Amino acid sequence: MAKSKARVKAPKKIKKGEVFEVKTLISHKMESGQRKDKKTGKKIPQMIINKFVCAYNGKEVFSSDWYAAISANPYMAFYVRAEASGSLDMTWTDESGAVFKKSAKISVT
Amino acid sequence: MVRKIEMQPVNRREVMKIVGAGAVTGIVASLLPSLAHADAAKTAAAVKKAAGGKTPASGKITLELPQIAENGNTVPIGFEVESPMTDSNYVKTVHVFADKNPNPEVGSFHFTPGSGRAKASTRMRMAKTQNVIAVAEMSDGSIYMAKSEVKVTIGGCGG
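In the order they appear, the protein sequences are chains A and B. With my numbering applied, the first sequence corresponds to residues 147 to 255, in that order. With my numbering applied, the second sequence corresponds to residues 764 to 922, in that order.
Since the hints were made in silico from the structure, they are not lab data. Among the clues, some could well be false.
Claimed, not checked - With a Cα cut of at most 30 Å, we get these calculated DSBU-like pairs of lysine-lysine:
| no. | chain 1 | residue 1 | chain 2 | residue 2 |
| --- | --- | --- | --- | --- |
| 1 | B | 812 | A | 175 |
| 2 | A | 162 | B | 855 |
| 3 | A | 188 | A | 151 |
| 4 | A | 169 | B | 855 |
| 5 | B | 914 | A | 175 |
| 6 | A | 169 | B | 910 |
| 7 | A | 248 | B | 855 |
| 8 | A | 197 | B | 823 |
| 9 | B | 914 | A | 189 |
| 10 | B | 914 | A | 184 |
| 11 | B | 855 | A | 159 |
| 12 | A | 161 | B | 855 |
| 13 | B | 812 | A | 197 |
| 14 | A | 251 | A | 162 |
| 15 | B | 855 | A | 175 |
| 16 | A | 251 | A | 169 |
| 17 | A | 251 | B | 855 |
| 18 | A | 248 | A | 169 |
| 19 | A | 175 | B | 910 |
| 20 | B | 855 | A | 247 |
| 21 | A | 169 | B | 914 |
The structure presented is a predicted model; accordingly, all values stated were derived computationally and were not measured.
Generate the whole structure from the sequences, applying the supplied hints.
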């Protein structure tokens with residue numbers, strides 16, 4: 147799953163104090179642990195992203211813990227208040243310990 | 764589809780037992796170890812844990828859910844909790860549960876005053892028609908809860 151593709155959408159320019167939406171998407175199977183292998187009849191073990199964190203200029207502003215009920219290729223949208231220009235850094239961690247990162251630059255006026 | 768039909772009476776019986784004896788839910792759960800779907804007791808226990816033993820109040824939470832989901836593999840869900848989101852008064856966490864999935868937990872979403880709005884959306888799996896429950900934990904320790912039913916046409920449980 148090292149090839150997970152992540153996308154982040156946030157406004158490039160924003161006024162200070164305004165609250166804006168950040169939309170994120172990452173490709174990941176989010177194997178629920180409920181599916182069975184059709185050939186062997188055995189359950190496919192669970193393998194999901196269970197942690198998502200968004201840091202704004204190094205400070206955590208939003209995070210979430212995910213369980214197997216989150217759909218494949220998880221989408222997450224949330225809000226952030228504009229304080230200063232800088233970067234929004236997203237980090238996804240899956241159960242194998244693999245870490246996926248994606249950032250977005252924003253300019254606050 | 765056959766499996767679905769078989770499951771229903773089990774769940775109903777389960778619910779009846781719990782209504783009758785809330786205190787022995789642990790025993791009921793252990794009697795049915797092979798039950799594939801989350802039962803009412805499991806969900807109730809998860810909600811209770813999220814609420815930290817407090818009785819949740821209603822209100823403040825708006826759930827955005829479809830009334831009917833055609834595909835249970837990816838059901839859009841959103842929620843917003845009313846709050847000024849200041850340093851002294853903000854929403855800390857929103858826990859989301861689904862009462863008839865294999866496991867009740869869906870996700871926990873942690874906000875900070877820097878979030879500006881306690882609003883988020885994602886997509887979830889739903890095994891069948893069921894209730895989605897959101898429990899919000901405020902910075903002052905108060906707990907709010909909201910519930911909404913989604914009808915699922917095709918379950919997203921990988922079966």
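Verification of the supplied hints:
no.: 1; hint: 812(B) - 175(A); verdict: 29 Å, holds
no.: 2; hint: 162(A) - 855(B); verdict: 23 Å, holds
no.: 3; hint: 188(A) - 151(A); verdict: 29 Å, holds
no.: 4; hint: 169(A) - 855(B); verdict: 20 Å, holds
no.: 5; hint: 914(B) - 175(A); verdict: 24 Å, holds
no.: 6; hint: 169(A) - 910(B); verdict: 25 Å, holds
no.: 7; hint: 248(A) - 855(B); verdict: 24 Å, holds
no.: 8; hint: 197(A) - 823(B); verdict: 26 Å, holds
no.: 9; hint: 914(B) - 189(A); verdict: 27 Å, holds
no.: 10; hint: 914(B) - 184(A); verdict: 28 Å, holds
no.: 11; hint: 855(B) - 159(A); verdict: 28 Å, holds
no.: 12; hint: 161(A) - 855(B); verdict: 25 Å, holds
no.: 13; hint: 812(B) - 197(A); verdict: 20 Å, holds
no.: 14; hint: 251(A) - 162(A); verdict: 15 Å, holds
no.: 15; hint: 855(B) - 175(A); verdict: 29 Å, holds
no.: 16; hint: 251(A) - 169(A); verdict: 14 Å, holds
no.: 17; hint: 251(A) - 855(B); verdict: 26 Å, holds
no.: 18; hint: 248(A) - 169(A); verdict: 12 Å, holds
no.: 19; hint: 175(A) - 910(B); verdict: 28 Å, holds
no.: 20; hint: 855(B) - 247(A); verdict: 24 Å, holds
no.: 21; hint: 169(A) - 914(B); verdict: 26 Å, holds
Figure legend: structure checked against the earlier numbered hints; every hint is met.
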